[in-house]
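In order, the protein sequences belong to chains A and B.
So in the working numbering the end of the first sequence lands on 299, straight run, no missing numbers.
So in the working numbering the end of the second sequence lands on 67, straight run, no missing numbers.
No wet-lab data here; the hints were simulated from the structure.
Note that the coordinates shown come from a computational prediction; the quantities given were computed from them, not determined experimentally.
Using N, Cα and C, we set each Cβ at its ideal position, and we do this for glycine too.
Just to be clear, a hint being listed does not mean it is correct.
DEER-style ranges, computed between Cβ atoms [what the hints assert, rightly or not]: (1) Val187/A to Arg63/B: 29 to 37 Å; (2) Arg63/B to Leu285/A: 19 to 27 Å; (3) Leu287/A to Lys24/B: 15 to 23 Å; (4) Leu202/A to Lys24/B: 35 to 43 Å.
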Amino acid sequence: MAVAAAVVLVTGVALALLWAPEDADQGPSQRIFYLHVPIALTAYACFGWGAWKALRLLWTGDQRYDLESYTAVHMGTIFGTLTLVTGSIWARTSWGVWWSWGERQLVLFLILFLFYAAYFMLRFSLPDGPGRARISAVYALFGVVLIPISFLAIRLAENFIHPVVFTRDGPQMSGDMFFTFCVSLAGMLLLAGTLYLNELAGKRLDLRLRDLRESLELG
Amino acid sequence: MSSGEKYLAAVYLVVLATVLVYVAIISAKLARLEREVTELAERARERRG
């Protein structure tokens, strides 16, 4: 998976920088789109995955879903940070400002990001155990409600400068641009999947080692 | 290099740097886990006598 992520991601970057046609309005800065939007969608996917695992935990009571949900939220927060940073740079070059409080899309994404950032404060303020797992799962599930609101906000906004690319009539871009976007999105999702699996394996190993250490100390 | 190209380069560099930092953190964590495994293996051997 790591190799596939690297290959697809490098292909996506090469297509975005060398092959995709330049936008007539924005010029070279439009190529930020091929990184910024896939990163944002990947952040949504990670938060959604974390919520799904949280639901599985509440449904089945299986504690392994707690670590999976936590890891997905962790990844979502990293991709969320990147979304805010890359979006801010793009806003500076396209709109002349680093941030616009009047844009519902931006503010709702920031709220979503801060909501999940607070997840860690909640999680680490509680003692380890099934109670913490349940409360964290409920919190992660509440956050997922913000995802469709954040995603649809741009379509509900009346006065916006944030562009709408995906409409009911399909993507508002050429076939070359759309293909480049799809490759970049696939690469970003594969990267997130690779990092998620590595992070999860590391956390599981950490827990096993802690159990082993405790067994050795007690035995 | 135009202003748009500078911002474009900045975005790609930020993402690349983040991925590299993340990989470095994962590598450091892996090294710590390896140290812990070695330490636990030694303790287990000592207990066996």
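Hint check results:
Taken as a hint, the range 29 to 37 Å is violated for the pair Val187/A and Arg63/B, whose Cβ atoms sit roughly 58 Å apart. As the Cβ distance of Arg63/B to Leu285/A is approximately 20 Å, the hint placing it in 19 to 27 Å holds. Range check, Leu287/A to Lys24/B: Cβ separation about 45 Å, and the 15 to 23 Å hint is violated. Under the hint 35 to 43 Å, the C-beta atoms of Leu202/A and Lys24/B, about 40 Å apart, fit the expected range.
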